[in-house]
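Heads up: the sequence shown is residues 1 to 257, going by UniProt numbering.
None of these hints come from the bench; they were simulated from the model. Any given hint could be a false lead.
[Claimed, not checked] With a cut-off of at most 20 Å between alpha-carbon atoms, the simulated SDA-like pairs for lysine to any residue come out as follows:
no.	residue 1	residue 2
1	256	118
2	121	206
3	233	217
4	233	214
5	126	205
6	91	106
7	235	122
8	233	119
9	121	233
10	235	250
11	126	91
12	235	206
13	256	208
14	121	245
15	126	252
[Stated by the list, open to error] Just the calculated beta-carbon pair ranges, DEER-fashion:
no.	residue 1	residue 2	range
16	67	231	33 to 39 Å
17	63	126	45 to 51 Å
18	223	116	28 to 34 Å
C-beta: ideal position from N, C-alpha, C; glycine also.
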Amino acid sequence: MSQESQESPAVEANLEDSLASVEAVETAVEADVDEVVAEDVEAAQDEESAPAEDEVEVELDPIEEFKSELRRLPGDWFVVHSYAGYENRVKANLENRTQSLNMEDYIHQVEVPMEEVTEIKNAQRKIVRRVRIPGYVLVRMDLTDESWGAVRHTPGVTGFVGHTHQPVPLTLDEVFSMLAPTLAPKTQAAAAAAKAASEIKVDFTVGESVTVTDGPFDTLPASISEINAESQKLKVLVSIFGRETPVELSFSQVAKI
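Could you build all of it, start to finish, from the sequences and the hints given here?
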């Protein structure tokens, strides 16, 4: 046997070992590359998802937000009687009395429910703020004998609503309806506008005598036969050639005599 034939199996064996080593290295490198790629992809996904999470901000309904705030506040809400027209004075008296008696830990808040309405007087339209429930004041407090006495004996307070010594607190919906009458979500804007229109105060009465201040009947006397508060129109009777003729005018086209 020649030397060349004897060396051939050894060379083949060494070659196979070298190939196996190369394959092992390639496999390891591919595994490392796959791992690095996977990590990069995962990091990229995290970066993409992070802004998305930041962007998702739920817009709270103003009504639900206000109710949520009411739930978090300490104490219960009670209603006290006062003399009509003295609600804000009673509020000031009670706040001063709370401080002077060091009852801040028990009497937390005093509110007079208010509302805004549109009034028309002398052909002038204006928004006025008025007491929504005359003769009543809301108090948020922890009810104890001491806090009850502090509120009950405040000048202008005639008593609690409910049992004399065991007043019943308001429900959350009752508090909300009293303190947030003008709060409405955007979807209820039209309904709110309609409600505001229905609350317009009209300073005219049927049968009242007025003077026309604008248009072809300017300076003529007239008497009101119909009032339409929603459209702010009046139907008046104007004497033309000795005969009463119905004419439709806006509130701003007449003046009281």
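How the hints compare with the structure:
1. 256 - 118: The hint holds at about 19 Å.
2. 121 - 206: Distance of about 15 Å is within 20 Å: holds.
3. 233 - 217: holds, 16 Å
4. 233 - 214: Measuring from Cα to Cα gives roughly 14 Å; hence the hint holds.
5. 126 - 205: holds, 19 Å
6. 91 - 106: holds, 16 Å
7. 235 - 122: Distance ~17 Å between residue 235 and residue 122 Cα, so the pair holds.
8. 233 - 119: Measuring from Cα to Cα gives roughly 14 Å; hence the hint holds.
9. 121 - 233: holds, 14 Å
10. 235 - 250: OK: residue 235 and residue 250 at ~9 Å, within 20 Å.
11. 126 - 91: violated, 26 Å
12. 235 - 206: holds, 9 Å
13. 256 - 208: holds, 8 Å
14. 121 - 245: Cα-Cα ~25 Å, so violated.
15. 126 - 252: Holds: residue 126 and residue 252 sit about 13 Å apart, inside 20 Å.
16. 67 - 231: 33 to 39 Å: 36 Å Cβ-Cβ, so the 33 to 39 Å window holds.
17. 63 - 126: 45 to 51 Å: violated, 28 Å
18. 223 - 116: 28 to 34 Å: Roughly 32 Å apart at Cβ, these two residues keep to the hinted range, so it holds.
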